[in-house]
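K.L.:
These are the residues of each chain, in order.
Number of protein chains: 2
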Amino acid sequence: MGRWEPNARGRLAQAALELYAEQGFEQTTAAEIAARAGLTERTFFRHFADKREVLFYGTETARDLLARAAAEAPAGAMPMDIVGAGLEALGAMLQENPERVRLRDAIVSANAELRERELIKLAGIAEAMADALRGRGVPEPAASLAAETGIAVFKVAFARWISEPGQPDLPAVLRASAEELRSVLAARATV
Amino acid sequence: MGRWEPNARGRLAQAALELYAEQGFEQTTAAEIAARAGLTERTFFRHFADKREVLFYGTETARDLLARAAAEAPAGAMPMDIVGAGLEALGAMLQENPERVRLRDAIVSANAELRERELIKLAGIAEAMADALRGRGVPEPAASLAAETGIAVFKVAFARWISEPGQPDLPAVLRASAEELRSVLAARATV
Numbered sequence: 000m001g002r003w004e005p006n007a008r009g010r011l012a013q014a015a016l017e018l019y020a021e022q023g024f025e026q027t028t029a030a031e032i033a034a035r036a037g038l039t040e041r042t043f044f045r046h047f048a049d050k051r052e053v054l055f056y057g058t059e060t061a062r063d064l065l066a067r068a069a070a071e072a073p074a075g076a077m078p079m080d081i082v083g084a085g086l087e088a089l090g091a092m093l094q095e096n097p098e099r100v101r102l103r104d105a106i107v108s109a110n111a112e113l114r115e116r117e118l119i120k121l122a123g124i125a126e127a128m129a130d131a132l133r134g135r136g137v138p139e140p141a142a143s144l145a146a147e148t149g150i151a152v153f154k155v156a157f158a159r160w161i162s163e164p165g166q167p168d169l170p171a172v173l174r175a176s177a178e179e180l181r182s183v184l185a186a187r188a189t190v
Numbered sequence: 000m001g002r003w004e005p006n007a008r009g010r011l012a013q014a015a016l017e018l019y020a021e022q023g024f025e026q027t028t029a030a031e032i033a034a035r036a037g038l039t040e041r042t043f044f045r046h047f048a049d050k051r052e053v054l055f056y057g058t059e060t061a062r063d064l065l066a067r068a069a070a071e072a073p074a075g076a077m078p079m080d081i082v083g084a085g086l087e088a089l090g091a092m093l094q095e096n097p098e099r100v101r102l103r104d105a106i107v108s109a110n111a112e113l114r115e116r117e118l119i120k121l122a123g124i125a126e127a128m129a130d131a132l133r134g135r136g137v138p139e140p141a142a143s144l145a146a147e148t149g150i151a152v153f154k155v156a157f158a159r160w161i162s163e164p165g166q167p168d169l170p171a172v173l174r175a176s177a178e179e180l181r182s183v184l185a186a187r188a189t190v
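So the sequences go chain by chain: A and B. Under numbering that gives the first Met the number 0, the residue at position 8 of the first sequence is numbered 7, and the numbers go up by one with no gaps. Under numbering that gives the first Met the number 0, the residue at position 42 of the second sequence is numbered 41, and the numbers go up by one with no gaps.
One or more hints might be untrue.
Calculated cross-link-like contacts (lysine-lysine; reagent style DSSO-like; alpha-carbon spacing at most 27 Å) [said to hold, decoys possible]:
no.	chain 1	residue 1	chain 2	residue 2
1	A	K50	B	K50
2	A	K50	A	K120
3	A	K120	B	K120
4	B	K50	B	K120
5	B	K120	A	K50
6	B	K50	A	K120
If you are wondering where the hints come from, they were derived from the structure by calculation, not from laboratory data.
Work out the full structure, taking the sequences as your base and the hints as a guide.
P.N.:
If you want it as structure tokens, here you go:
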């Protein structure tokens, strides 16, 4: 074990974002990221499996926020309310640093490999959310449907938020999108 | 251009499935797949970019089915009815050969790279579906929400269907899952 580096993960993640934006994801090495953060390459690999993983630094935090929302929801809470509370907490966290989130999103969107990794992380978050709901006694398929639909709403709301320059409130966009989905699902053909 | 090979794509896809099941995806080469199908390696690469793509042979068909459902829906059809009709058509196609679908699913599920590719294909299908809805005049975010939610329902319904040995009717499982989602979304906390 090396010596303790205060907030090494955060410093590496910040250095990686800067370098990916400046010179491109493909062109950047782990050694360069470590050097920019004032750390060694060995420290980089103690914290991240590869240079892709640096961009998914927030996944654990997202899973924790959603798990906490499931744990803290009141006894009578419905599955979609629990999912909604977790996603709003996640939205509130993301908009604390919108420029950083936009920068990261631009880097991920420009690279097919990174988009694939993003989708697998989102699928993992949906599975964790479904687990948490089942842990509260929500039966299947309601637990999986609520979790997968929550991720669907999140994807649509996040895309709206990130494309609007005026920095609207992300939790509010999430709530509005969930309401819109309720309308979409309630509308049946009258023909 | 080589000589015309009747149904070369289908023969290559079938040979690949057999070999992946017999000896594993990692251990199988494009040359072996071509040999099993009685074709040349050059023919393989005329039809598929790599040995992963053989497993996503049905993606184009799925996109076509969904696009056709959107094109053929009556004028008064609601977004979620259009998505549902497309997914049911896809479900009906999949269950024409359930053993083949199960075999393919087992191969894809066992490999992280293939699961990533599957997710990116599903994301592409959702985008194509949203495009088709917008083409019919469905506004945003309703188009994206209906498309992404359709994929969420499909994932949950497909997982239920594939895990049940008695081969239930996949379109019926899809309809039931969509109804279940309507209930999940309609249920609000009473506390």
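K.L.:
Broken hints, numbered, in rising order?
P.N.:
none
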